[in-house]
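Undergrad: Residue-level listing of the chains:
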Amino acid sequence: MFRRVPFNLVFALLLLSAGLCAFVLPQPLTDRARGNLDLLLSPVAWPVWQATIRLAAPRGVLASTGTKEDRDADQSLAKIEELKTENASLKRQNEELNRINAERAVLPERDLCRAFRVMGGDAGTRRTLKLVGSSFNGLAAKMPVLCPQGLVGRIEIAGPGGASVILVTDLGFRVTGQFWRHRRIGQSEKYEWVQLNAPPIVAAGDGKDSLTVENLKIEEVKAAGLAVGDSVMLADRDWPEAVQRRRLGDIERIVPLQNERFARIMVRPTADLAGLKDVLVLVNTQRTP
Amino acid sequence: MRWLAYLILAYLVLGTQVGLGPVGPGPNLMVLAAIFIAIYAPRRTALMGCFGLGLMQDLMTASPLGLWAIAYAIVGLLVIGVRDMVYREHFLTHAVLGFLGALTGALVLLGHGRLYQSLHPDWHYRGPLAWPLLRSAGYTALLAPFVLGGLRRTKQYFGFRVPRRGSVRTLRRRDI
Numbered sequence: 001m002f003r004r005v006p007f008n009l010v011f012a013l014l015l016l017s018a019g020l021c022a023f024v025l026p027q028p029l030t031d032r033a034r035g036n037l038d039l040l041l042s043p044v045a046w047p048v049w050q051a052t053i054r055l056a057a058p059r060g061v062l063a064s065t066g067t068k069e070d071r072d073a074d075q076s077l078a079k080i081e082e083l084k085t086e087n088a089s090l091k092r093q094n095e096e097l098n099r100i101n102a103e104r105a106v107l108p109e110r111d112l113c114r115a116f117r118v119m120g121g122d123a124g125t126r127r128t129l130k131l132v133g134s135s136f137n138g139l140a141a142k143m144p145v146l147c148p149q150g151l152v153g154r155i156e157i158a159g160p161g162g163a164s165v166i167l168v169t170d171l172g173f174r175v176t177g178q179f180w181r182h183r184r185i186g187q188s189e190k191y192e193w194v195q196l197n198a199p200p201i202v203a204a205g206d207g208k209d210s211l212t213v214e215n216l217k218i219e220e221v222k223a224a225g226l227a228v229g230d231s232v233m234l235a236d237r238d239w240p241e242a243v244q245r246r247r248l249g250d251i252e253r254i255v256p257l258q259n260e261r262f263a264r265i266m267v268r269p270t271a272d273l274a275g276l277k278d279v280l281v282l283v284n285t286q287r288t289p
Numbered sequence: 290m291r292w293l294a295y296l297i298l299a300y301l302v303l304g305t306q307v308g309l310g311p312v313g314p315g316p317n318l319m320v321l322a323a324i325f326i327a328i329y330a331p332r333r334t335a336l337m338g339c340f341g342l343g344l345m346q347d348l349m350t351a352s353p354l355g356l357w358a359i360a361y362a363i364v365g366l367l368v369i370g371v372r373d374m375v376y377r378e379h380f381l382t383h384a385v386l387g388f389l390g391a392l393t394g395a396l397v398l399l400g401h402g403r404l405y406q407s408l409h410p411d412w413h414y415r416g417p418l419a420w421p422l423l424r425s426a427g428y429t430a431l432l433a434p435f436v437l438g439g440l441r442r443t444k445q446y447f448g449f450r451v452p453r454r455g456s457v458r459t460l461r462r463r464d465i
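If you read the protein sequences in the order shown, they are chains C and B.
Read in order, the letters of the first sequence are residues 1 to 289 in this note's numbering.
Read in order, the letters of the second sequence are residues 290 to 465 in this note's numbering.
Where hints are given, some of them may not hold.
Stated by the list, open to error - Which residues of chain B face chain C? A partial, calculated answer using Cβ under 8 Å: (1) L303; (2) G304; (3) M319; (4) M349; (5) S352; (6) W357; (7) H409.
Said to hold, decoys possible - FRET-style restraints, in silico, Cβ to Cβ: (8) C:P28 / B:Y300: 24 to 30 Å; (9) C:I218 / B:L296: 55 to 61 Å; (10) B:L396 / C:L29: 50 to 56 Å; (11) C:R99 / B:Y300: 45 to 51 Å; (12) B:F380 / C:D238: 28 to 34 Å; (13) B:L396 / C:E103: 45 to 51 Å; (14) C:A141 / B:L396: 45 to 51 Å.
Since the hints were derived computationally from the structure, they do not count as laboratory data.
All figures in this text were calculated on a predicted structure; none of them were measured in a lab.
The beta carbon of each residue, even a glycine, is placed where N, CA and C say it ideally should be.
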């Protein structure tokens, strides 16, 4: 019976169905078919991703990750011991512990988060990361994803066979936030975070490696004293309380838009999100720290 | 065509594409696999093969489902249309087909981005940027002679049936 069905008709129907899914049906409806095969590819994708990191990182395509910083810190401590400058060493360690304690106060509780390995990214053009984890590991859509340097993105799809994270730098990704500055307290060597007097902003991913803010007038930028190096922190009611005030990135550049009334502020995440080997997922979004 | 070989090819290429994914738009290896199938397989098999590759890629992206399936089906149609007019084994053919294939995919994605945004203004997806896609097409063209040249050596494992010229009965039966 099937032999009599013309191939061209079958192919046209397939194309029509694909067209309906791609153009007409809302994406959340068709997303249900996704996220169930990702982990099948991990035997190929993960080694390729590891090789890419090793080849690309020394050439500056990918920024350094937390592991390298840890190694640098260890080397620094070893050098201090070698030089036997005990006083300086103790002072530095004390400062470091104070800094970690200060960060801990901002970070969500550790048991709220789970670490997941990254095995690759989007097979198309989106800015996503694929995790070695699934709904069996407690992953679900819309869970915030973090790294030590700040916010990474949000779980977009999670199924029994895998999960993918939409990065904050994906084109069209939007969050609201506030500007903050890390400044020295008087003449002392201590630093503090201060919220700048700027209206709430909408940061949108630019589809490359940054976010852009375009809803501030030039007068507002000048009045708030925004400068390169100031940070953008998450302040978005759609996100759980535990991730509010997490850093989205630092101001890289401020330029006037073409109409010269509004400014375009380029914000670059402090970590290279595409080069992360591991991420933390806030799996329990109900509890607050 | 031996579908097991096809599935192994799709698995390896898609896995590599996912592994390269976080770096950003790089060479489109899946379009090269689609071109390989479209160059050597009979028409019907090639079209279904290209569509299937696109569908598999759709399952691994955050873009709307069916988008890459349409793109690769169009690439398949284009390659099938020109494959009898070109020297299939030449590296320049591979490079040009690689560039045109990736460019066709890029045009489908860009067109979709514009249309989808107007149909679903509340959804955050805005379609890709043009420049990274053009760059990706360039990378694909550079890589095409190596990938397609390598795949050409494995075509015996795919069992592509080549119709004998002049035999109308053969042409009809073997789904050319």
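Undergrad: If a hint holds in the structure, say so; if it doesn't, say that too.
TA: Status of each hint after checking the structure:
Given hint, B:L303 at the interface with chain C, holds; its Cβ is 6 Å from that chain's nearest Cβ, closer than 8 Å. Here the hint on B:G304 is kept, as its CB sits about 3 Å from the closest CB of chain C, short of 8 Å. Annotation: interface hint on B:M319 holds; nearest CB of chain C at approximately 7 Å, less than 8 Å. For B:M349, the suggested interface contact is upheld, since its CB lies about 4 Å from the closest CB of chain C, less than 8 Å.
Given hint, B:S352 at the interface with chain C, holds; its Cβ is 5 Å from that chain's nearest Cβ, closer than 8 Å. Against a cut-off of 8 Å between C-beta atoms, the interface hint on B:W357 holds, since the closest Cβ of chain C lies about 6 Å away. Interface hint status for B:H409: upheld, as the beta-carbon distance to the closest one in chain C is roughly 6 Å, under 8 Å. C:P28 and B:Y300 have their C-beta atoms about 28 Å apart, which keeps the hinted 24 to 30 Å range intact.
Hint check: C:I218 to B:L296, Cβ distance near 57 Å, so the stated range 55 to 61 Å holds. Taking 50 to 56 Å as the suggested C-beta distance range, the pair B:L396 and C:L29 does not conform, at roughly 25 Å. In this structure the hint that C:R99 and B:Y300 lie 45 to 51 Å apart at CB holds, the actual value being about 46 Å. At about 52 Å, the beta-carbon gap between B:F380 and C:D238 misses the expected band of 28 to 34 Å.
For the pair B:L396 and C:E103, the supplied restraint of 45 to 51 Å holds, since their beta-carbon distance comes to about 47 Å. Distance hint for C:A141 and B:L396: a CB-CB separation of about 31 Å, inconsistent with the stated range 45 to 51 Å.
Checked against the numbered hints above, the structure violates hints 10, 12, 14; every other hint is satisfied.
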